[in-house]
Each structure stands twice: as structure tokens, then as C-alpha cells.
Amino acid sequence: IGTDIAPQDLVAKITGRAKYAEDFRADGMVFAKLLLSPMPHARVRGVDATRALAMPGVIDILRADEVRQIEGRPGEASLTDEPLYEGQPILAVAAETEEQAAAAIEAIEVDLEPLPFVLDPLDSLRPNGPNAYTGGNRFGGGEFSELKWTDADFEEIEAGRMPNGEAAVEWTKGDIDTAFSESDLVLEESIVHQSLTHHPMEPRSAMMYWENGKLHAFVSTQSAQRTKYAIAGTLNIDPEDVILVAEYCGGGFGSKISGNTHMEVPAVFSRKIGRPVMLRITRYEENYIGRARPGFQSWLKMGFLEDGTCNAIDLYIVQESGPFGAGDFNTAGMIADLVYTPQNMRFRGIAMYTNTPPKAAQRGPGGAQIVIMMEPILEKAARQLGLDRLEVHLKNAPDADVGFGPRNSTLTSVYAKEALEKGAEIFDWAGKQELSGRREGSKVTGIGIGLSPYTAGSRGYDGLMVIRPDGKLYIHQGLGNLGTHSIMDTARPAAEILNLNWDQVELVWGDSSRGMPRSSVQAGSQTTHAHSRANHAAGMDARAKVLEVAARTLGGSPSDYDMDSGRVFRRGGGASMTFAQVAERAIELGGKYDGHELPDNIHATTVPAANMLAGQGLMGVARDNYGGSGGVYSWVAGFALVELDEETGMVDIKEYVAVTDCGTVLHPRSLGAQVLGGSVQGMGQAMTQRWVFDPKWGV
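With my numbering, the residue at position 87 of the sequence shown is 87, and numbering never jumps.
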């Protein structure tokens, strides 16, 4: 723990031996292509595929009535006869080659009835405004309904004031009216945060075929073990009839958490035509079906005391949620309360369905939007109060005893102030004050600070590992391998507990036929924390069993023994066994030692994986029951020196420092890459990236 190592997948990646979803082939494989809706909301009245089906190489088409549909509620089908956004797949074509399938798509005639659409969530709230669904603009109690604000509500918005229209979520702490009246400075702003697409390097391709009643699925996913069960649920089959292969994933950022809806297409198509089907998604298609961060339209009022204390926050967020919804706005309200620790706060929010591409969690969902929106207000307050911006941040940053949000949530630890202080030292905040506002021609220099938290852990998952007769420890992972080194780094605690060198450890991942324990979804930045704990628990189980096997074989009690570098030995000298011998002895003893008896409290989805490995050596298997109180959060304090050309609008980032409160560092180089990647993504989000829609055509 805490050292830089070469990840086990490094050589495969740099030599090209690593196989991503679109690299797989199977005998008789055909290619599928999708026909996407050109309209933001429409109804399919008819399809004429006669010409397409007569073209060379074309095998068949797949229609919406052949795949699962979501009836009577918001939900995404892999193919639909009522597309709810531009780019939603209507049908698929299979052909011998990808080019033939693409040509067939162009030959299909689809008769579409245009339906009303809405891009801006405020338009849906206006009296007589359009709705994203024919049934209404909100869903609850098992049915669609309409929510409209009044003309008076919109007069407030147009006058630059906070709306008072009905919210879906509202919570309050303290007395905001009194707090604002007692504030020395009150700032009000209306703020828009754009929607922007995920666009990981690898699109969501998938190849699938059926053999002996089992589905073989080669996919791109963030969460391998959970995707196996998601696919089984979509197809209504036994999860043990899904053999999932997902060794490598070219990024996701939240867009491939448990696979994706469109994995159903090659699965159903393959079953229909009796051949393997590859659905290779293009960058163009990924732009539509690949998910995006929800956009916010927000109104913010903040009250400050003369010493810079944030005394009150009033926040209203209207979220652009796409056709299927997203929960970012709720998180945004909680993080506003956490970062700026007002004693008095009111949060109101509503998420509106829109006919824009689907939304999903994107790196720091809700947190990224609210920090980008609120930090400039804190900056403005510091300037108007004549205070140092660092001191204002330090005054309002939380301590370990913070309570936040509607349930007064708590955290396990908080080192936000320490991150700010360390960042200021490295950046030389005091020394750079004289640069702030400096002008040279059309260019002006600025310095700034940002503070951002997000969830960073969870509890209760399973670890699974086997010491085999070759003397090595095989750690089985159910995680996806999306470039974050989670597969490797979360295994380190087990190796350390067993006092093994890293070259004595083999990692098994990305193939459900080799055994995957119950794992978290790789989302919410929880993976490293959650699975370091799970593998620690299983490592402790393996350690206890190694010592017991030694005692049962060599005499004495387990406490008489210790281990190092693949050997267990009696303390003070004397008898010893290699791990290879321990594994063979565990197989002889059977029962709990080789996995034929399992703990009662492991998750039901771990049991099949453990049964698969029973009898192969000494098994360590356990659930993380370590417990804990409070949420697990990490923090980043960022400091930037930028140069803005006021004539061109070009921003040149001259210097940036990021300091993280992240707990125990497993892999320093990997942590550095995560901080760098997150910083660059944040810069793009703050300055350059957004979707732009044509309000007339909705595209």
C-alpha cells in the first residue's frame, strides 16, 4: 500500500493485446446498425424495409415490438416506436458486414408523426407549455400528470427574482428570513449550468451470441458483476445463464454504470437469427445514446456577515432531466449546505422531463454543477466585503462535526480546511495577490480558489480470493476495468495482510465464468474505499485460515504462527509450510478451508462464484461488516492563475494546484492521474463544453 507499481494490465494495453468489446469476433458473426430518430419526439406510423431486406448481405431487421418495452412510466427501451429524443434508436438491421448494414439503414423508409417537444424545462412549466410525454410532464403515484407554474411565477423570473412556483423537493433549516435581514451583504444571482455529454474514449459497443442456452456477452461497462445481473434482468433469464466478458473498458464517467439499455439489441438479435451479433456504436451515435450531465437553471440568494460568514442560502434549481430523469439537483442542494455551512438554508428543486438525450450521473453528479455555480458568488462576496478570498473559504469550510442536508447527515472525517491551507502554501496565494487584476494590453490576469467535495466510499460488499497449490493468491474482482486501476489497487490490502509480494498475486477479473463476487457499481466515487474494505475482510479470513491450517498440520495454536512472502512459520523458529502446501492441505481438510462451506452473511450473488472456486485451494471469502458511521467524502481545493484575453475571450490557464483530502493513498501515481483528469474535466465543464439545440426543430 502506498507505492507505485506497474498495473497488471499495462503490457496488454500498450502492446494492443487488450481486447475491448469491439475487438471480439466469433464464427458466423454479423454486424448490427441502428436507425436513429431524426426528431426529438415522434410516433412511428409505419416502416417499409422492403428495399433494405433485398440488399446484398442483409439478414433481418429488429423492431421495437421484439424487445422489452417500459409501459406506463418513464423508462428507456432499446428500440422504440415513440422516440423521445433525437437519436433514440427505432430499429436495428443485421448484415454480413457493417457497411452493408449501414447501407440498409439508409434504404429503410420510416413514416414519423411529429409530436410536441420541449427542450427547456421552464417551457414545460409555463401555462399551456409543451410536455415531454403525451401523458404529462411529471410522474408520480403510478401515473403521469401535469405541473404548471402561473404567469405570476414567470413574472418573478423575468424580473430577475427567485421563483415561487411549486417544487418537487423542499427542505429548510433555521430561519432564512431573519438570517437575510441580519446579513451585512446579500447577493442574488440567476445561474444556468449547461448540459454536456460524457463521451468516453470507447463507445458502448457489444457483441453477443447464444450457445447451449447461455448468453455470451462481450461488453463495455463500468461495473462487470452488476452488469451480468442487469442483462439477465432485461432479458428475463437466470443470471447464471449469462457469461459476461468485460476485461477492459475505455472509460465511462458514469455513462456505463451497469452496462446500458442498448446491450439488449445484440442479445435479442442473436437469439432471433441464430448467429453472433456485433453492435459497434459510432461516435455520432454515442453523442445521442451515450448520456449527458443534467443542466440546471438556478436562482441563488446568499447572505453574509461582515466577517465573511455565510449566514443564509436560498437555492432553487430547475433541472433539465432528459426523458428518463436524473437526481443531480438533490445532491446539489446537499453539497451547497456542506461546502458553505450556512446556519440557515432553504432548498427547493424540481426535475423536469425534456426531449433531449438521456441524462445520467457524470463525474461528481450534482456536486460539479453546484460548485461551479456557487464559487463565483463566494468570490464576489469576498471582494465586496473587502476580505481575502482564502480567509472567506476557510471561515465557511466545514469541520469534522458538520451536519448537512435535510437529514443532518454526518461525515467520517473532514480535512477541507487543511486542503485549502496546503494548497495556498503550494500555490503561494499570498505572493500572487499582486498579480490579480494585472493588465497587459487586452489581457488580464486573475487568481481564484475553489473547494469541492463528493462521496468517496460505501460499505457492505464481498471479497473473494483463493490461495492455490501453485502458492499464489488469486484475487477475484467483480469490478469493471475502466482505466482507474481499481481492479489492482483495491486488491492491495489483501496482499499486505497476507504479507505477500505483489508478484505473488494474480488478479482475476472481467470474465464471469471465472467467478465474480458481489461488487458495488462503479459509480459515486465509491469503488476504492468499498472494495479495499471488502478485500481486506476476505484477506483477514484467508489469513485466519492459513494460521489454522498451519496449527492443525504442524501443531500448536494459530497464534503461534506468522507468515511472510508465501510461507507460514512458527514464531521463534521451527516448523513451516509454503502457501502451496497450505493450499493443498486446505483442499484435504475441505469444509470452510477450501470453500465448500461458506459464511452465512455473504451476498447471494457471491455464492455462485464461490461455489465455482470451491476445492481449488484455501479460500478467503467475507463480507465487509466493519460498519462505520457517517458518509465518506473526499475534498479537493483548487487554486488557479489564469490570463483572460478580453478581446477574444480566450482563457489561458497559467498555473493550477489541486490538493486532495483522500484518506490513505494506495497508489500515488494513479491518484495523481485521477486528480489531473478530474481537473481537466472540470476546466472543460467550466469554460468550453456544452450542447446547443435548435429551438425550432429540437435537434
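No wet-lab data here; the hints were simulated from the structure.
Be careful, since some hints might not be right.
Stated by the list, open to error - With a straight-line Cα cutoff of 27 Å, these simulated DSSO-like cross-link-like pairs (lysine-lysine) come out: (1) Lys395 <-> Lys443; (2) Lys592 <-> Lys472; (3) Lys422 <-> Lys432; (4) Lys696 <-> Lys148; (5) Lys422 <-> Lys654; (6) Lys214 <-> Lys272; (7) Lys173 <-> Lys19; (8) Lys395 <-> Lys380; (9) Lys443 <-> Lys472; (10) Lys417 <-> Lys380; (11) Lys472 <-> Lys173; (12) Lys654 <-> Lys443; (13) Lys214 <-> Lys301; (14) Lys19 <-> Lys654; (15) Lys395 <-> Lys422; (16) Lys443 <-> Lys301; (17) Lys417 <-> Lys395; (18) Lys301 <-> Lys13; (19) Lys13 <-> Lys380; (20) Lys380 <-> Lys472; (21) Lys173 <-> Lys380; (22) Lys696 <-> Lys417; (23) Lys380 <-> Lys301; (24) Lys432 <-> Lys696; (25) Lys395 <-> Lys148; (26) Lys417 <-> Lys173; (27) Lys654 <-> Lys696; (28) Lys301 <-> Lys19; (29) Lys443 <-> Lys432; (30) Lys417 <-> Lys432.
To be verified - Label pairs and their computed distance ranges (CB to CB): (31) Ala673 <-> Gln343: 18 to 28 Å; (32) Gln343 <-> Asp388: 33 to 43 Å; (33) Pro695 <-> Asn164: 24 to 34 Å; (34) Arg669 <-> Arg17: 16 to 26 Å; (35) Arg17 <-> Gly142: 21 to 31 Å; (36) Ser629 <-> Ala604: 22 to 32 Å; (37) Thr282 <-> Glu440: 40 to 50 Å; (38) Leu305 <-> Asn164: 38 to 48 Å.
For every residue, glycine included, the Cβ atom is placed at its ideal position computed from N, Cα and C.
Straight-line alpha-carbon gap Lys301 to Lys13, limit 27 Å: Violated. Lys301 to Lys13 sits at ~50 Å, over the 27 Å cutoff.
Agreement of Lys417 and Lys173 with the hint, judged by alpha carbon distance not exceeding 27 Å: holds (24 Å)
Pair hint outcome, Lys380 versus Lys472 [Cα-Cα no greater than 27 Å]: Judged against 27 Å, a Cα distance of about 59 Å means the pair is violated.
Lys173 paired with Lys19 [C-alpha distance capped at 27 Å]: violated (52 Å)
Proposed proximity, Lys422 with Lys395 (alpha carbon, max 27 Å): Roughly 15 Å separates the two Cα atoms, so the pair holds.
27 Å Cα cutoff - pair Lys592, Lys472: holds (19 Å)
Distance restraint between Lys214 and Lys301, which requires alpha-carbon spacing of 27 Å or less: violated (57 Å)
Hint consistency between Lys301 and Lys19 [alpha-carbon to alpha-carbon, up to 27 Å]: It is violated: about 51 Å lies between the C-alpha atoms, which goes past 27 Å.
Holds or violated: Lys13 to Lys380, with C-alpha atoms at most 27 Å apart: Violated - the C-alpha atoms of Lys380 and Lys13 are around 47 Å apart, more than 27 Å.
Lys19 paired with Lys654 [C-alpha distance capped at 27 Å]: Violated - the C-alpha atoms of Lys654 and Lys19 are around 38 Å apart, more than 27 Å.
Lys443 paired with Lys432 [C-alpha distance capped at 27 Å]: Holds: Lys443 and Lys432 sit about 17 Å apart, inside 27 Å.
Given hint Lys173 paired with Lys472 - CA-CA distance at most 27 Å: Measuring from Cα to Cα gives roughly 55 Å; hence the hint is violated.
Checked against the numbered hints above, the structure breaks hints 1, 7, 9, 11, 13, 14, 16, 18, 19, 20, 22, 24, 25, 27, 28, 31, 32, 35, 38 and satisfies the rest.
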